[in-house]
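Residues 16 to 443 (our numbering) make up the sequence shown, in order.
A couple of the hints might just be wrong.
[To be verified] Keeping only pairs whose Cα atoms sit at most 25 Å apart, straight-line, the calculated BS3-like set for lysine-lysine is:
#1 K200 - K221
#2 K214 - K183
#3 K221 - K431
#4 K181 - K209
#5 K143 - K116
#6 K188 - K164
#7 K413 - K403
#8 K236 - K95
#9 K419 - K244
#10 K403 - K279
#11 K431 - K419
#12 K221 - K164
#13 K252 - K413
#14 K419 - K236
#15 K51 - K116
#16 K72 - K133
#17 K95 - K143
#18 K419 - K399
#19 K214 - K177
#20 K72 - K200
#21 K431 - K72
#22 K143 - K72
[Said to hold, decoys possible] Pair ranges (Cβ atoms, derived):
#23 D99 - N375: 34 to 40 Å
#24 K116 - S61: 17 to 23 Å
#25 K116 - E268: 33 to 39 Å
#26 N18 - Y152: 24 to 30 Å
#27 N18 - N384: 43 to 49 Å
#28 S44 - G253: 45 to 51 Å
#29 E52 - N393: 39 to 45 Å
#30 E96 - T321: 44 to 50 Å
Simulated from the structure, these hints should not be mistaken for lab results. Note that beta-carbon positions come from the ideal geometry of N, C-alpha and C, so glycine has one too.
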Amino acid sequence: MNNFWYYFYNLILVIKFRIALACLSLFNSKIRTALKERKLLFEELSANIENLDKSKKNIWFHSSSVGEFEQAKPIIERLKESEDYNIIVSFLSPSGFHSAKRYQFADVITYLPFDSRKNIELFLSIVKPIVFIIMRYDFWPNTIWGSHKRNIPIFLVDATMKSNSKRKLPLVKKFHDHLFNHFTKILTISDIDKNRFLKFGLTDEKVITVGDTRYDRVFSKSQNALTKKILDDRIIKGKKVLVAGSTWREDEEVLFPAILKLHKHVDNLLTIVVPHEPTIPTIEQIEYELKDDVSVIRFSLLNQYTNEQIIIIDSIGILITLYASADFAFVGGGFKSNIHNVLEPAVYGIPVIFGPKHSNSQEAESLINVGGGFEVQNKKQLYKLLRKITLDDNFRIKSGNAAKNFVQSNIGATEKIFSSLQVYLERE
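Please model the entire structure based on the sequences and the hints provided.
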C-alpha cells in the first residue's frame, strides 16, 4: 500500500499539478511570479549554503507565507540563543519569501521547489538539515517522503485540524494516514486538534499538545512596541482611545455610523482608524465620509494636530504599537471574509470587538468565551457596545483584564517545542 500512494502521487497528481500551475500562471500574477523567481532556485541556494558557517548544524523551517512564518519566529529566535545552528527558511509564496528578507535571524531564505522527487532530492542534498520543521499545514508528500528516507526528523508545529477538514474524506484520509506516520512529531495547538490527528492512526507519543506560538510572538512584539513612542502624550492624555485596526470597506460601513454617533455623545473620545490598505484613494474616501460630522487628520500630519477627533493612519507597520495606546479596539475583517489578528490588541488588556465572520480565528471565539472579546452583527449592536465600553469603566477594565489573562495563560508554547526538538538537535 505504501508504494501505491507513492506512485499514485508521482504518476498522477504531480503531473496534473504541473499542468494546473502552468495554466493558472497565465491568469494569476502571484503564481507567475513564484514560478519565475524559482528558475535559479538551486544555483542561488547552493551559493548561499556554501557561505554558511560549516561548524554549525543546519535547521530547515518551511512556511507557506507571512502568517505562518510569524509563528516560526519565536522558535527560530529561541534556537538562535545558541550559536550552534544555521537557520534555512523556505516559502511557498512570494509574499513570505520577500518579507523574510528583512528578518535578521534567518541565515538562508529560499523558495520551496516544486514537489517532484528529483527536486526534493537535490534540495535536501544541498541543505543537509538535521531537523525539518513545518509550520501549521503546508506539507508536501515528496518533501516528507524524501526527508524521511534520509532519516531527517520531521516536525509539524502549531498543527491544527478543522472539524470539517477535507483530509477526513475516505480516500483522502487513507492517503494522510500513510503520510502523517512519516512525521517524527506533530505538535498541536490544542487537545481538540490532537484528538483529530489521532484519528489518522497516530499515537499519543507522536501527537503532543504544546500550544500556539502566536501567543509568544504577539507578547514579544507587544513588549517591543511598548518601548516605542508613536503618539505624543498631548494627543491621547485624558481621552478614551478606540483603535480600529485593519479595516476593510465592509467593516467601515458598519463602524463609521456607530463611531459618528458615539462622538456626538462622548466628548473625550479619540478614534484611530487603521485601514488594511492605506492607499491614497482609501484615505481620501474615509476623509470624505467622516469630515462633515467630525474633525479628521492624517497620521502623517500630526505635527499640526489641533484636537481632531479622528486620526486616519496613512502608513503601515505600526498597528500593534497603536493598540498599546488604546482603551478598546475594533478588529477588521469580520464583516468581509476573515477577521484579522485579535491577539494584538488583547495582549494589552483591552476589550476587543469584531464582526461575525471569525471562523478562521479560534482566538476570537476563546476571547468571547472568557469575556474579553465581543462579536457584533450590525451598526446598532456596535454602537450600544461601544457606548457601554466608553461610559462604564468597570465593564471596560474587567473585559480588558479577561483578554489579557487569556493571552498570558497561553504563553509558553515555544519552550515546549524547543524541549521536543532538543533530543534531535543534539544528535550527531
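Each hint, compared with the structure:
As the CA atoms of K200 and K221 are separated by approximately 5 Å, the hinted pair is consistent with the 25 Å bound. Proximity of K214 to K183 is assessed by CA-CA distance (about 9 Å); at most 25 Å being required, the pair is judged to hold. About 14 Å separates the Cα atoms of K221 and K431, which keeps this hinted pair within 25 Å; it holds. Restraint check for K181 and K209: satisfied, since their Cα atoms lie roughly 17 Å apart, inside the 25 Å limit.
Between K143 and K116 the CA atoms are separated by roughly 21 Å; this keeps the pair inside 25 Å, and the hint holds. For the hint pairing K188 with K164, the CA-to-CA distance comes to about 22 Å; that is within 25 Å, so the pair holds. Taken as a hint, the K413 and K403 pair is honoured in the structure, with Cα atoms around 13 Å apart against an allowance of 25 Å. A hinted pair counts as satisfied when its Cα atoms are at most 25 Å apart, and K236 with K95 qualifies at roughly 17 Å.
Note on K419 and K244: the hinted pairing holds, with a Cα-Cα distance of about 21 Å set against a maximum of 25 Å. About 15 Å separates the Cα atoms of K403 and K279, which keeps this hinted pair within 25 Å; it holds. A distance of roughly 21 Å separates the Cα atoms of K431 and K419; the hinted pair therefore holds under the 25 Å criterion. Restraint check for K221 and K164: the C-alpha separation of about 18 Å stays at or below 25 Å, so the hint holds.
Distance restraint check for K252 and K413: the Cα-Cα separation of roughly 22 Å lies within the 25 Å cut-off, and the hinted pair is therefore satisfied. Our distance criterion of 25 Å between C-alpha atoms is met by K419 and K236, whose separation comes to about 15 Å. For the given pair, K51 sits about 18 Å from K116 by alpha-carbon distance, which is consistent with the 25 Å threshold. At most 25 Å may separate the alpha-carbon atoms for a hinted pair to count; K72 and K133 meet this at roughly 24 Å.
The straight-line distance between the Cα atoms of K95 and K143 is roughly 18 Å, inside the 25 Å bound, and the hint therefore holds. Among the hinted pairs, K419 with K399 is consistent with the structure: their alpha-carbon atoms are about 23 Å apart, no more than 25 Å. Of the supplied pair hints, the one linking K214 and K177 holds, its CA atoms being roughly 13 Å apart against a limit of 25 Å. For the suggested pair K72 and K200, the alpha carbons sit about 20 Å apart, so the restraint of at most 25 Å is met.
Between K431 and K72 the alpha-carbon distance is near 21 Å, which keeps this suggested pair within the 25 Å criterion. Between K143 and K72, the direct Cα distance comes to roughly 9 Å. Compliance with the 25 Å bound is thereby established for this hinted pair. The hinted range of 34 to 40 Å is satisfied by D99 and N375, whose Cβ atoms lie roughly 37 Å apart. A C-beta distance of roughly 18 Å is found between K116 and S61, which places it inside the suggested range of 17 to 23 Å.
At about 36 Å, the CB distance of K116 to E268 agrees with the hint of 33 to 39 Å. Between N18 and Y152 the Cβ separation comes to about 26 Å, which falls inside the hinted range of 24 to 30 Å. A C-beta distance of roughly 47 Å is found between N18 and N384, which places it inside the suggested range of 43 to 49 Å. With their beta carbons about 48 Å apart, S44 and G253 fall inside the hinted range of 45 to 51 Å.
Evaluation of the 39 to 45 Å hint for E52 and N393 yields a pass: the beta carbon distance comes to about 44 Å. In this structure the hint that E96 and T321 lie 44 to 50 Å apart at CB holds, the actual value being about 48 Å.
Checked against the numbered hints given earlier, the structure satisfies every one of them.
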